[in-house]
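J.: So the sequences go chain by chain: A and B.
With the first letter of the first sequence counted as 1, position 200 gets the number 200 in the numbering used here; the numbers rise by one all the way through.
Take any residue in the second sequence, count from 1 to its spot, add 218: that is its number in the numbering used here.
You may find that some hints are simply not true.
Claimed, not checked - Pairs of lysine to any residue, SDA-like flavour, derived with a Cα cap of 25 Å:
id	chain 1	residue 1	chain 2	residue 2
1	A	K19	B	S532
2	B	K330	A	I113
3	B	K330	B	T738
4	A	K19	B	G255
5	B	K330	A	A31
Said to hold, decoys possible - Facing chain B, from chain A, some residues (calculated, C-beta under 10 Å):
id	residue
6	Y47
7	F132
8	E136
9	G137
10	L192
11	Y193
As the list claims (entries may be wrong) - Partner residues aside, some chain A positions facing chain B, computed with beta carbon under 8 Å:
id	residue
12	D20
13	A31
14	N60
15	G125
16	Q143
17	C147
18	A175
19	L207
Calculated from the structure, these hints are not laboratory results.
Think of the CB as a built atom: it goes at the ideal place given N, C-alpha and C, for glycine as much as any other residue.
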Amino acid sequence: MANHTLALRHQFDDVDQQKDASTFGMWLFLATEVLFFGGMFCCYTVYRSLYPAAFGAASNHLSVIWGGVSTAVLICSSYFMACSVNSAASGRKNALITYLVLTILFAATFLVIEMSEWHNLYTEGMMPGFNFTFHEGDFRHVQLFYCMYFSMTGLHASHVTVGIGILTVLLIRAARGVFSPQYHTPVEVSGLYWHFVDLVWIYLFPLYYLVARHVHAG
Amino acid sequence: MITAIAPPRENYLTHEYGIKSWLLTQDHKRIALLYLGAISFFFFLGGIFATIIRLELLTPPGDLVSSQTYNKLFSLHGIIMIFLFMIPSIPATLGNFLVPMMIGCKDLAFPKINLLSWYIFMAGGALILYAMLRGGVDTGWTFYVPFSTSYANTYVILTAVGIFIAGFSSILTGLNFIVTIHRMRAPGLTWFRLPLFIWSMYATSVIQVLGTPVIAVTLLLVAVERGFHIGIFDPALGGDPVLFQHLFWFYSHPAVYIMVLPGMGVISELVSVYSRKRVFGYKFVAFSSVAIAVLGFLVWGHHMFVSSQSVYASLIFSFLSFMVAVPSAIKVFNWTATLYKGSISYDTPMLYAFGFIGLFTIGGLTGTFLATLGFDVHVTDTYFVVAHFHYIMVGGTMMAYLGGLHYWWPKITGRMYHEGWAKLSALVVFLGFNLTFFPQFIMGYLGMPRRYHAYPPEFQVYHVLSTAGASVLAVGYLIPAIYFIWAMRYGQPAPDNPWGATGLEWQTSSPPPPENFEITPVVTQEAYDYSILEEMTVG
Numbered sequence: 001m002a003n004h005t006l007a008l009r010h011q012f013d014d015v016d017q018q019k020d021a022s023t024f025g026m027w028l029f030l031a032t033e034v035l036f037f038g039g040m041f042c043c044y045t046v047y048r049s050l051y052p053a054a055f056g057a058a059s060n061h062l063s064v065i066w067g068g069v070s071t072a073v074l075i076c077s078s079y080f081m082a083c084s085v086n087s088a089a090s091g092r093k094n095a096l097i098t099y100l101v102l103t104i105l106f107a108a109t110f111l112v113i114e115m116s117e118w119h120n121l122y123t124e125g126m127m128p129g130f131n132f133t134f135h136e137g138d139f140r141h142v143q144l145f146y147c148m149y150f151s152m153t154g155l156h157a158s159h160v161t162v163g164i165g166i167l168t169v170l171l172i173r174a175a176r177g178v179f180s181p182q183y184h185t186p187v188e189v190s191g192l193y194w195h196f197v198d199l200v201w202i203y204l205f206p207l208y209y210l211v212a213r214h215v216h217a218g
Numbered sequence: 219m220i221t222a223i224a225p226p227r228e229n230y231l232t233h234e235y236g237i238k239s240w241l242l243t244q245d246h247k248r249i250a251l252l253y254l255g256a257i258s259f260f261f262f263l264g265g266i267f268a269t270i271i272r273l274e275l276l277t278p279p280g281d282l283v284s285s286q287t288y289n290k291l292f293s294l295h296g297i298i299m300i301f302l303f304m305i306p307s308i309p310a311t312l313g314n315f316l317v318p319m320m321i322g323c324k325d326l327a328f329p330k331i332n333l334l335s336w337y338i339f340m341a342g343g344a345l346i347l348y349a350m351l352r353g354g355v356d357t358g359w360t361f362y363v364p365f366s367t368s369y370a371n372t373y374v375i376l377t378a379v380g381i382f383i384a385g386f387s388s389i390l391t392g393l394n395f396i397v398t399i400h401r402m403r404a405p406g407l408t409w410f411r412l413p414l415f416i417w418s419m420y421a422t423s424v425i426q427v428l429g430t431p432v433i434a435v436t437l438l439l440v441a442v443e444r445g446f447h448i449g450i451f452d453p454a455l456g457g458d459p460v461l462f463q464h465l466f467w468f469y470s471h472p473a474v475y476i477m478v479l480p481g482m483g484v485i486s487e488l489v490s491v492y493s494r495k496r497v498f499g500y501k502f503v504a505f506s507s508v509a510i511a512v513l514g515f516l517v518w519g520h521h522m523f524v525s526s527q528s529v530y531a532s533l534i535f536s537f538l539s540f541m542v543a544v545p546s547a548i549k550v551f552n553w554t555a556t557l558y559k560g561s562i563s564y565d566t567p568m569l570y571a572f573g574f575i576g577l578f579t580i581g582g583l584t585g586t587f588l589a590t591l592g593f594d595v596h597v598t599d600t601y602f603v604v605a606h607f608h609y610i611m612v613g614g615t616m617m618a619y620l621g622g623l624h625y626w627w628p629k630i631t632g633r634m635y636h637e638g639w640a641k642l643s644a645l646v647v648f649l650g651f652n653l654t655f656f657p658q659f660i661m662g663y664l665g666m667p668r669r670y671h672a673y674p675p676e677f678q679v680y681h682v683l684s685t686a687g688a689s690v691l692a693v694g695y696l697i698p699a700i701y702f703i704w705a706m707r708y709g710q711p712a713p714d715n716p717w718g719a720t721g722l723e724w725q726t727s728s729p730p731p732p733e734n735f736e737i738t739p740v741v742t743q744e745a746y747d748y749s750i751l752e753e754m755t756v757g
């Protein structure tokens, strides 16, 4: 119980109110994130419907296999995040630490795969603004595809990076024994954020790696 | 209760001393004052740009500044006034101070985030100032592509990133308010007992949370396009400039309601307290705020009637824009109905409220002119549009902001301002404002385009009137700045409830204690029930 009162901030009446407020705040934050990514998804949708052939051609330069692997890796990370929340709620400190480490490791793996993808595109001359040497067909709109690809995956990668930072802080606090079944709101709301980041990728992967390819084949 | 002056108690101003106690404070009241200082600075800075603009326009040829400098002046005037003054104005100062007090809690739900949002705001503002000192920006506050991404030779990226950063402050403030209003209301304070200021802050916060990220990402794309010379919006590189306009106005139209809805909330409070009546049709006024927030997201295309947007889309946007007139009119009619048979007193805040109602009505009605497709084509990019939005922004929001500042000044500082000077300046502001902006309707209708630093001689008479009005207006803004600062030190000590108002913020001392209330209040009656107050006074 001592831990309990320590964690209650002065503006709240009780722990439930505090937890409610934090969770609600995170959901609202995620709503702003939906709109944040939404602007870019909107651009993508408009341009894809205007230039389906160019987007199909561009999409063929992306590696479905590595895209699929990174998707699987990120889903695993999300799974371990869910396990972390569960361990925190049931007060298993060591399990919490293990799962947080796994979440971070998988997230880092995702970033490594993505950066090597970026590097490949760079060397192939498919990175607008840095090295873009593709000059076949409707190359201006292929370039547009890659502008959107790098902007969106870049924004997503920055969210993954921030997420790794948050998870590291959680890990340090977990090691210090801050969290208990009564107080583990930070783990829970960080979990919400992490699943959201995962979910964005679940949309990005098919939009860039799968759907447009189909248009080209047809 | 109204006249009794409480013995000096520890309040939020005397609770701690020193610069550190301010810069690291988590008290929403102190953060409100931090914002007040910052936005006052930006207001006067934006005002200086406006002054040079008006001086340039005194004579037809471009003789005071070059066209390039003039472009920078109106861009910086717009950017500073909108992003660094108007948007944070009422929410971040009065809202920050009042939301927890009006709903009877100790602080906002996330005090640290509240402080963080001030620092984010300052960082964004500092970046914009830095860009200004390096040479400014000449794209207008709208950053239209491809000019902003490919042709402008000024500090577009720095400014855009500054706005991007300041936007997060707006998002976090909105988020904080929504959570606080949902989760932290005092016992007995149901949704329909909330003061109408809270309803309008709630509606504003929803727009801040849902709209701001879109402009953030849009400006990010502009910065990326400009920085790496890649085409997202530039047609030469395969992009679509109209898409930029869609994304830009998807936020920037609702942003108009971020600016005016809080003002409407203030006016509801003022009209009620100075006519000593419950706001007529409370629920309609409350829901009209929500309706404005929702409709506000559906009308952005009316900024794009001449942008090659589909004519069918324009028809629908035109129709939806007319719809906004309905909740706006509900508010105006209900305020005037509240005055009917009210016991009206003409204190300074009420003078500003009257000013708001009249000027907002003109601004709103000319808005319906502009929503009319045929008429809009005639006056697009003319001074008619300039006059219209200044009637909403300056005639509306600025009036409400000043009215609110006067009304809550005794609560915020514990001192009364000088009523005579205040009444005089309210009058000066009203006259100066109309003299500045009414001629702009006429010259705009006659074809004077906006954003030009030179113009044909036949428009000079209107420009001279406008410049004369602007100098009167400047005096009207300087007088309050002086007597407010004077009152902070030398004003009469304010009683707890100088206006005989019913809100919870008036039931604690002036200035309030650090945690707002000695005992958590319990609410048993609806808002604006003056009969209970009279019983308390008699008792």
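J.: Which earlier hints turn out false for this structure, listed by number in ascending order?
T.: 1, 2, 4, 8, 9, 10, 11, 14, 15, 18, 19
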